[in-house]
Amino acid sequence: MKRLVAAVLCLNITAGLTGCQQPQKKPAVEPAPPFKAVGDTVSGRKDIYLIVKNLGSSYWQVIIDGAEDAAEEFGCNMYYSGSNAESDWRSQERLLDEAVEAGADAVLLAPNDAVELAPKIDEVHDAGVKVVLIDTTANTENYDICYMTDNLMAGQLAAKEMLKQLKNSGNSLAEPLKVGIQVGAQTSLSINERLAGFLQYWTRNAPKDWVIIPDIKCNDGDYEKAVTCAAELFDEDPDIKGVFGTNNGSGKGFAKEIKKRGLNDVVLVSFDYSPEVAELIQSDEYTASTILQRQYHMVHTGVETALALTAGKHFNEKFVDTGVVVVNRNNMQTAEIQEILSHS
Amino acid sequence: MKEKNSAEQLQQGGSFFRLMMIYLIVCSIGFTVMMIWVNKLMKEHDKTLTTQICDLVAEKMNNSISYMTSSAENMAAMLTAQELKDFDNVYGQTRFLKGEAYISMGYVDMQKRIYASDSELEEFEKWDLLEIAKQADPVSISPPYRSGLTGQPVFTLFANITYDGNKKGKLFMTYPLKEIQNIAYTETLADETEIWLMNAESDNLIQCAGKDKYAVGSWANAKLTFEKNINDIDRDDYIDWKRKMSDGEDGAALVYKSGQTGYTQVFADIPSMHGWKLVVRIPSSAMSSAMMKFRTIVIVFTTLLLLATFIMFVMSHKRDEADKEILENLSIHDPLTEVMNRRAFDMAAQTQLAHIGRDDGVMIFIDIDYFKTVNDKYGHDAGDKVLKEFAALLKDVFGENSLIARYGGDEFLVFQKGADRAEAEEKMVELNRRAHDIRPANCPEDDHYHVSCSCGGAVCPENSRDFEELKSLADSALYDVKERGRDGHGWYAKGSGK
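Going down the list, the protein sequences come from chains U and E.
First residue of the first sequence? That's 1 in my numbering, and the numbers climb one at a time after it.
First residue of the second sequence? That's 1001 in my numbering, and the numbers climb one at a time after it.
Hint data in this document are derived by calculation from the structure and do not stem from the laboratory.
Straight-line distance between alpha carbons at most 27 angstroms, and here's what the computed DSS-like set of lysine-lysine pairs gives:
1) E:K1244 to U:K208
2) E:K1223 to U:K178
3) E:K1242 to U:K208
4) E:K1242 to U:K178
5) E:K1223 to U:K167
6) E:K1126 to U:K208
7) U:K160 to E:K1134
8) E:K1228 to U:K225
9) E:K1223 to U:K160
According to the in silico footprint, chain U covers these stretches of chain E (three or more CB under 8 angstroms from chain U):
10) 1143 to 1155
11) 1193 to 1203
12) 1223 to 1234
Idealized CB from N, CA, C, for every residue including glycine.
Using the sequences and the hints given, assemble the complete structure.
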């Protein structure tokens, strides 16, 4: 009897310890919240549902603000929601169903997964709902129109700006020169297109002795790693004259290291907008530029088009490049740039 | 004798152990060399096979692209044959034609006026497509770009066309990139084969086929996709492969490892797509599965064979050892009484006496009294049993420190090592007494017959240090005991014996 009790006690203790030692599960991403109306909703107006990639991102907040302004300007009811992480495409799938059930006239969607969401987009479009894609396209032709940055062209513009600034900085066309590149997540289609566009333009237009350092750094979308990658690049090639960051994080990483090391002879070209890059752009000591996307314009035009589609208008194009703006010290204070920056 | 046997046994055991160690070392070396060769052959086989597959796929792709460009050339030839004055009418007629594969068609005249839709005109400017058109000889293909019309990646083919006598213009046809993706798809090895378009200058890549559904149709760069994780040992080969691409060679193959994965990679020129190459990549493991099975079977069977051989050696050795022991036993012992035989005793006793400082002892000749009577009266079986019992009694009385042998039919010789006369006397008295307890097996109860024995001893070194002499002196002492009436014991003294 004593042995039995001892055995049971041991089992309990072991089970308890095992329970305590179980590894902590990764916190699950919260599913997307229900749709929320922006501005007033008036009966009889068209209902447009906006689904963004990531509710917690400032980039997407600009999109939501743009949708609100457009709804007020064009007179429609606007509802929005989105995932809490860009990996969560399933929430967007559910939101599409909810939008259709709610009687949406049109859906503005920035798909988190171009492949997985394609069947649901087909379904929604086949149900008669107008589908306008923003920021990212999908692996289907069954939508009405897509407004996004042509990242291949944006990459080319970045290369053009890099060459211009390197020349303006007094670098000789006949002397060897090195430019380093840092990318974010290697799986990002946008980043890959920007890189491709940059290299396309560079190989065709750069002086023969101006070369890209073959070791392209990859920070996997992590800011701390972006700083480390920048440091490595500067350590490995101390006479580097230009650096290109394909996304916001990469640009920030470069900006931090450039300032830390006082590298005022290094040209930085980045993407999107951050205080770190802005500081270098505004400074007389450093040379920096950034490529700004026009996401406010993207959603604004998207809403206008969605309403036109619901009114029966037909558009020949499926894809509209919303373009980018190159921002540097020379034009940062212009009205146009300030207007775009106010929405960034 | 026992020590010598143990030493001998140890020596023989050691020889076997050394032999087995050599056998194992030789087998291990042989096995290792064999596996190195098998792996090398597998690698060569994979490289050859995957290179051939890559070449075949590249050829298929190029043939299909050639078919596509031929269609454009044929269309251009057909329009040339119509002797057009300009493109206004023909564009109006053909602009809305939907081909099976192409999504739009247009023209460029000698003045670089482009006959195309508004969005296409934008694309001409955006992507500098006129530069690509200039390269048509007789056909050129643009790099992929995103179409405003379809929203999907497309590429544009340009073909030379003659109009208004001898004016040179261009026909262009825009195809979805999916056309090349469809060409690239193969049922066999679908998940393993990667097909890319690669620009030799920028290292830009577009994947046409592969198992990553996200990557197909998307841009990438060879510096990240191929070069970044290449193993250092293969880096120079990769650089050489790239150099051949940049130098405009028609094709080249490369085998390399990226991390743990081995790849075979081949590029082939695309004649009408200036600066672009077709790259086909297959992981070596795709081909290795059959060979891996073969290698596993070789390893398993070779290991089993070596193990079986090893076990056979060991079993054979054990059997030999057992046989040897039996033979040794037979050569040392008297089979009936299991005490030493004469030959063995002589050798052991001589060895004992030869050791300086260890030659103390007593030699005792023992005879069973009237043993012939036992045989005659009770039978030979009974006689054998008496001998066995008597020998057992000798072992019991004199112990393991004595050499005991059956020296003749009913004669026994004992050398009591390290004993003096008093100790030996004590033993002989005990022997004489206890011998009386031995009775033949079939002796009737009313028959009071019992065995007796006579013992004659000689002492070493007092009487002699020489084995033969000591034996002879003990024998003489025995003779005296027999003369005196048997069933007793006696010692050699001068004048003893016959």
